[in-house]
Amino acid sequence: MSYRPAVQSIINAIETVIVGKEDVIAKSLTALLAGGHVLLEDVPGVGKTMLVRTFSRAIDLDFKRVQFTPDMLPSDLTGISMYNQKTKEFEYRPGPLMGNIVLADEINRTSPKTQSALLEAMAERSVTVDGEVKILPSPFFVMATQNPIEHEGTYPLPEAQLDRFLLKIEMGYPSFNEEVALLTRFEKAEPLEALQSVVTKHEVEQMQREVKQVHVSSAVKQYIVRLIHETRKDANTYLGGSPRATLALMKASQAWAYIHGRDFVLPDDVKALATSVLGHRILLTAEARYKGRTADQLVKGWLDELPVPMDREVKEV
Amino acid sequence: MIEWVKRIAYTALAAYLLSFWVEPIVGSTTFDVMWPFYFLLLVPMFASLLPWYGLIGVVFFNFIAVLYVYHGSLLDWFGIWLEDLSGVLSGELPEEAIFFSAMALIGVLFAILVGRTYPSYGFVLGMIVSTLGLMAYFDTWTLYDGENQIVLAILASLFLLFVTDLAKRPSKSLVRYVSIALLAAVILVLTSVSPTLDGDWSDRITTSFQNAVNEGQSSTGRVGYGVNDEQLGGPFEQDDGIVFIARGVPARYWRIEAKEIYTGKGWVESPVLDSEYNRGQLVDSDVDTTPEQALLRFDRRQTFVPYGGEYPQATETENGTEFRVGNIEETFPNETIHIRPSGKIVFDNENQATPRTIQLRYSVPAFTEAQLNLNEPVTTLTDEEQQAYLQLPDTLPERVRDLAADITADSETPYEQAQAVQAYFRSGDFEYNTEDVATPEGDTDYVDQFLFDTQLGYCDNFSTSAAVLLRANGVPTRWVKGFTMGDARGVIQGQTEHTVRNRHAHSWIEYFVEGAGWVPLEATISFSEANLLQIETESDAGSDPVSNDPQSSTDNEPTNRPQDDIAIDDVAPGELPEQSRNIPVWGWVLIVFGVAFLVWNRKAIERAFMLQWWMRRPLSESSLVGMHRYLVKRLRTAGFKVDGRTPSELAKEVDAYYETEDMTRLTRLFEQTIYADQPPNSKYKEYWKIMIRRIMS
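Those protein sequences? They're chains A and B, same order as listed. At the far end of the first sequence sits residue 317, using this note's numbering, and the numbering has no gaps. At the far end of the second sequence sits residue 1014, using this note's numbering, and the numbering has no gaps.
Read the hints as simulated data drawn from the structure, not as lab findings. We put the CB at the ideal spot given by N, CA and C, even for glycine. Treat the hints with care, as some may be off.
[What the hints assert, rightly or not] Which chain B residues face chain A? A few, computed with CB under 7 Å, are given here:
#1 E547
#2 Q548
#3 I908
#4 H945
#5 I991
#6 Y992
#7 D994
#8 P996
[As the list claims (entries may be wrong)] Computed list of lysine-lysine pairs in DSS-like fashion (alpha-carbon distance at most 30 Å, straight line):
#9 K300/A / K969/B
#10 K485/B / K221/A
#11 K221/A / K1002/B
#12 K300/A / K950/B
#13 K291/A / K958/B
#14 K969/B / K21/A
#15 K1002/B / K233/A
Let the hints inform the model, and build the full structure from the sequences given.
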């Protein structure tokens, strides 16, 4: 918990640039501290890129950006070994993945092949170039953005790959007041330029270690598992949450609790993150989709009915 | 929509409760129809669902319509109304028109109350209390019989409370369903197990002292007037049901019939005497008699006619002999009604029963001491009659006859012998008892068993034994059934009234004195003879019937038997003190309010219990979980949404509602223990106590 003030200073720093969006900031930070990655889904122009850049500035991280296009190849991401005439050796030219924060913009515009390369790197935290394993820098944090699926010319991400994102966050438009404040803030200055980093890479790694120490009681574990079981039992779901989802929900909850200054997880933490963790991992049946249901709605429905365990005694309901 | 269903159910149930008012109130007046009052009371209740102008309109047209249908002319009625009003102003009792208006006003008042206060516990409880109280009052003091109605009223009350509860509290708590079911169950169980309450359901009149024994099944009979006396004995239960109310006469035993043949087990009528002849008198023509007229009002139609003194008189009219029984206007021709030799008034048509009101004329004999002490051979009775009245079964043990001779050794006249028998019973060896009374089995003689074995019994034992002892001495005797004088109701409109109940059913004997006639004898100990036998003293000649003042018997009675203190004179077998009469209906009311009190105060009771229980236990993790579970349960009952809420979400909601912070503080301590796995903090108990008090107040 020694870095708890640092967490607050990160948030404060980011908020000097980003107007409103406390929830989005907190969730992004959660993903970073839990060692996961974030999928930002929303229409262009709502500040996805700005958010990521602010993050990298505030934490003094190496920021890389990839704009995904349909003709992009995996090597465009991972980097490539080139023959050096002078040294007569192959020399590795790092790709954009070799950064601490990677903004993968419009990830669903590129082919599945390239998407897979990115997602693999996210999972393994290393890339293989010409048979040589290159370890990615640490911390490694991907914030991918995607336009909502129904836009034309997109390659929807396969389910298995969606599962690799710890959280899916929707930005949403700012409120009226927030948008006015936004105008004021950017009227005469460029706040991002003025932003100074408040923590170091090393400190972030320390925080990530501390997050793992956050206590999860048996009652909360049961709550998580019961919720995941709901996703599998419900008649509206075609595919429920995997054990990886269970694990993700716990890790995210730990980080969320850490951000909120606690060294133990509350059911509230699980509840706060459940839609972000589970929303993109659940597939609805055709019938449910036809009825206009969404995964987020279903998760909210389960949360609203599921009794919160008040007991450490493990029992299946 | 559902709101309206609740409201209509609420109004309808309140109206249903109000409808219970009509029968007792109108029944105690001279109105012969009920329907106008139902309309006057109930229509406005339903009209209360309408806006105020609708209510006024409906009430007005309802009143006019009821009047028109009932009366025919409205103008005419207005005249009556004015007349009544002037009558009331000059101090008379209200008549029809005023009564009508009063009922209409009650209807409007309740309609306004039910409409304006919806939903209100106060109104509902007031409604229930007044309805049940009114029913209980009228049941006790008038002929109105509310014992079946009260069950319906109680059920309606329960439903009304339930609907009010539904309308008042929006939460869908299971507790109320359970409590309502519990309340109903408790009442049903009490009904089925309590003998006192059970009695209200059965037909009390057709059962007799010994009915249970006659049927040979259960061990306990029920007191009341019965027809079959072949098997006497066995215990019986008391029954406070009203049989009739006698008006215009002093306290007097009510004779119904006599039986002649003793079988060794009980009494049957003599076939020899079962003929048309001898519709004569009870007493010799030399005995002075006083004519008396009584008005009997029956609770329900009966198959018998009780009378005081002598047989009711048959009168000669143009249509032949008429027996004056029935409404004063209504007569029963001689062909349909006659008096059997036993004195029983019989209707030829078995389905025929007495009217609810009977005007009776009969004579009350008063013997002089000289007449009673006559000792002449019996000549007035025919041989057949003498045979019947001296009959004794062959199986009668010899020791009974020996005892009879012993008791009357010093007596000469029949009167002295009768007095000796009476004195023998009162010598102290015999005990009055209705519970541990034996039934003779096998060859055992009923009288023999009582006289020599048990010496414990009630009127049947004493009277039968007295009859047998007198017969053994050659005194013609018969066994008489009827009622004692009943409970005094006081003087009503200038005339004394007595309430005769089932428990006043009684038996005594009549023995024959040549020259005097049939002289009654009260054989049962702890009963006074004052209201049965009138003796003229020399200074007190003429028709004064109170020479043997009932009050004087108070001092004559021995006091060492428990029932004596209440068996002085007005109260018959003396089991129940005066003020506890009609326990059933009051019992019902008390039980309902007792149970209702418990149910409606269940929160306070439960709270006190729970506080005690949890406060005493040391705070451990498991007790903390238990306490929190209970708290959450109470919050759910109080209407908070609990499922799907995390403790802190719930706390926020609760604190916002109560405008405090205690729940949040408590929840923080709870979270520390359950989610952070730290040892429980003792402060939790304090906050818990505060919260429980707050939620359950």
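The hints, checked one at a time:
| no. | hint | result |
| --- | --- | --- |
| 1 | E547 | 71 Å, violated |
| 2 | Q548 | 67 Å, violated |
| 3 | I908 | 40 Å, violated |
| 4 | H945 | 6 Å, holds |
| 5 | I991 | 5 Å, holds |
| 6 | Y992 | 5 Å, holds |
| 7 | D994 | 6 Å, holds |
| 8 | P996 | 13 Å, violated |
| 9 | K300/A / K969/B | 19 Å, holds |
| 10 | K485/B / K221/A | 40 Å, violated |
| 11 | K221/A / K1002/B | 27 Å, holds |
| 12 | K300/A / K950/B | 23 Å, holds |
| 13 | K291/A / K958/B | 28 Å, holds |
| 14 | K969/B / K21/A | 23 Å, holds |
| 15 | K1002/B / K233/A | 39 Å, violated |
The structure fails hints 1, 2, 3, 8, 10, 15 (numbered hints given earlier, in ascending order).
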